[in-house]
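Between the sequences and the hints, there should be enough to build the whole structure, so can you do that?
Chains as they are written, first to last, in the working numbering: chain A, 1 to 102; chain B, 1 to 325.
Since the hints were made in silico from the structure, they are not lab data. Misleading hints may appear alongside valid ones.
Quick list of in silico lysine to aspartate or glutamate cross-link-like pairs, EDC-like style, CA-CA up to 20 Å [said to hold, decoys possible]:
#, chain 1, residue 1, chain 2, residue 2
1, A, 15, B, 37
2, A, 15, B, 169
3, B, 206, B, 196
4, A, 7, A, 76
5, A, 7, A, 72
6, B, 41, B, 169
7, A, 7, A, 69
8, A, 15, B, 289
9, B, 41, A, 14
10, B, 206, B, 124
11, A, 7, A, 93
Far from chain B, by Cβ distances over 10 Å, these chain A residues were calculated [stated by the list, open to error]:
#, residue
12, 12
13, 26
14, 28
15, 92
Predicted model only: the values in this text are computed from it and were never measured. Glycine included, each C-beta is placed from N, C-alpha and C at the ideal position.
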Amino acid sequence: MQMHTAKRVEIVIEKPLESRLTDALNEAGVTGYTIVPVRGGSGRSGPWTREGQVGRAGMVMIVCLIRPERLDSLLDAAFAVVERHIGVVSVTDAQVLRAERF
Amino acid sequence: MTEILSLAGSNLASPIILSFALGLAAALARSDLSIPEAVAKGMSIYLLFAIGFKGGASVAAHGIDSTLLKALAAGIVLSFGLPFIAFALLKTLTGMSRLDAAAVAAHYGSISIVTFVAATSILEGRGIPSEGYMVAVAAAMEAPAILSALWLVARNGKGGRMEPGLMREILLNGSIVLLVGSFVIGMVTGERGLAEIAPFIVTPFKGVLCLFLLDMGLVAGRGLRQSKGVLGGGAVLFGVTMPMIGAVIGLGLGALIGLSMGGVVLLMVLAASASYIAVPAAMRVALPEANPSIYLTLSLGVTFPFNLTLGIPLYVALATMMIGG
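Laid out in structure tokens, this is it:
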């Protein structure tokens, strides 16, 4: 089957920043992404979990699959939002089946 | 003194406080007991709707007077002013950075609606009436403190900016919309409306509050366990001193504007409580460099349990002593 090279960008960020990040991505022309709630984890700020009382908003993960040539504009837009905040941004090489969709 | 001790004793032995203690103990003992997130959210919606509706229905029954506007103004003044006192106290008692101190100060100017709900429940249990519109005062006190904290930080050029859209997010925060919305519904439909849904929002209220506080105990216990060493002695001292300072100012203002004794107690509780929902989310956007472990542990792990167990009975006793029953 024909496969196409793509980049998979994962951004883990605090929930209150979610709409700011998706707005920035939309403005940068990145309209395809998936938002995944994150159950918990541990990092530089210590362990955390989203279990329990509403309001302790926790984190979300935003996953984008894009063409390699669009990576820089996505990262510029994302970095402007996440620069000062807790979170993780990672990029991995990926293969997709239907290139016209990305 | 005997009165305060007996009130504190009966408060400590109530199902509400014991449920909170159970959650706290379970989390500290590393039990796997947990309330699913969706259930906690559902209970929170229920409690906010019920307390807002009952407040509105009470206003419909007793009418609106000029004290309502005075109480709203007092609440807003408290929310704007308390962060400055909290900030000065933090700088005296702790070695906290200006940024962390400002973020903590914002929490202490804003309010904890669960502490407010627990206080109304305790007042009802003791047969002390209060003004229904205190719910609206609670809603009005959520946001101003955030502006004071941002000003404290911006004054020294350390960031702290009001991002576009943040004020809208704070003012249209789900809790505020639900509280104010159900208050208006209660006011419009009055006692007839309340009678129609009383089996849902009155009878099961305390039971739901118990379960909700069980969850709060779990969250507070987990927070305390995970933040070991985050708070020094000075910060813990702040966490129990600041509520009492706020309560005393609330007592003075409440008496000045002519609230009933129950109303004064609720204003004291609002001034004494610290936010752990609206303000932390706003601080993550506006002051992301401030350490969330410090303000969440102080607000949820120190001040919330203090107010729930000792604070509220103390405020009731103080108000009884100063302005009578």
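Consistency of the hints with the structure:
A C-alpha spacing of about 15 Å is found between residue 15 of chain A and residue 37 of chain B, which places the hinted pair at or below 20 Å, so the restraint holds. With a CA separation close to 13 Å, the supplied pair residue 15 of chain A and residue 169 of chain B stays within the 20 Å bound. A C-alpha spacing of about 19 Å is found between residue 206 of chain B and residue 196 of chain B, which places the hinted pair at or below 20 Å, so the restraint holds. Taking the CA atoms of residue 7 of chain A and residue 76 of chain A, the gap is about 15 Å. The hint holds against a cut of 20 Å.
The suggested pairing of residue 7 of chain A with residue 72 of chain A holds, with an alpha-carbon distance near 11 Å, which does not exceed 20 Å. Taken as a hint, the residue 41 of chain B and residue 169 of chain B pair is honoured in the structure, with Cα atoms around 18 Å apart against an allowance of 20 Å. Of the supplied pair hints, the one linking residue 7 of chain A and residue 69 of chain A holds, its CA atoms being roughly 9 Å apart against a limit of 20 Å. Between residue 15 of chain A and residue 289 of chain B the CA atoms are separated by roughly 16 Å; this keeps the pair inside 20 Å, and the hint holds.
This hinted pair checks out: residue 41 of chain B and residue 14 of chain A have alpha carbons roughly 18 Å apart, not beyond 20 Å. Restraint check for residue 206 of chain B and residue 124 of chain B: satisfied, since their Cα atoms lie roughly 11 Å apart, inside the 20 Å limit. Proximity of residue 7 of chain A to residue 93 of chain A is assessed by CA-CA distance (about 5 Å); at most 20 Å being required, the pair is judged to hold. Distance check for residue 12 of chain A against chain B: the nearest CB is about 14 Å away, which clears 10 Å, and the non-interface claim stands.
Non-interface call for residue 26 of chain A relative to chain B: holds, since the shortest CB-CB distance, roughly 14 Å, exceeds 10 Å. The claim that residue 28 of chain A lies off the interface holds: its Cβ sits roughly 17 Å from the closest Cβ of chain B, which is beyond the 10 Å cut-off. The claim that residue 92 of chain A is not at the interface with chain B holds, since no C-beta of that chain comes within 10 Å of its own (minimum 26 Å).
The structure is consistent with each of the numbered hints, conforming to all of them.
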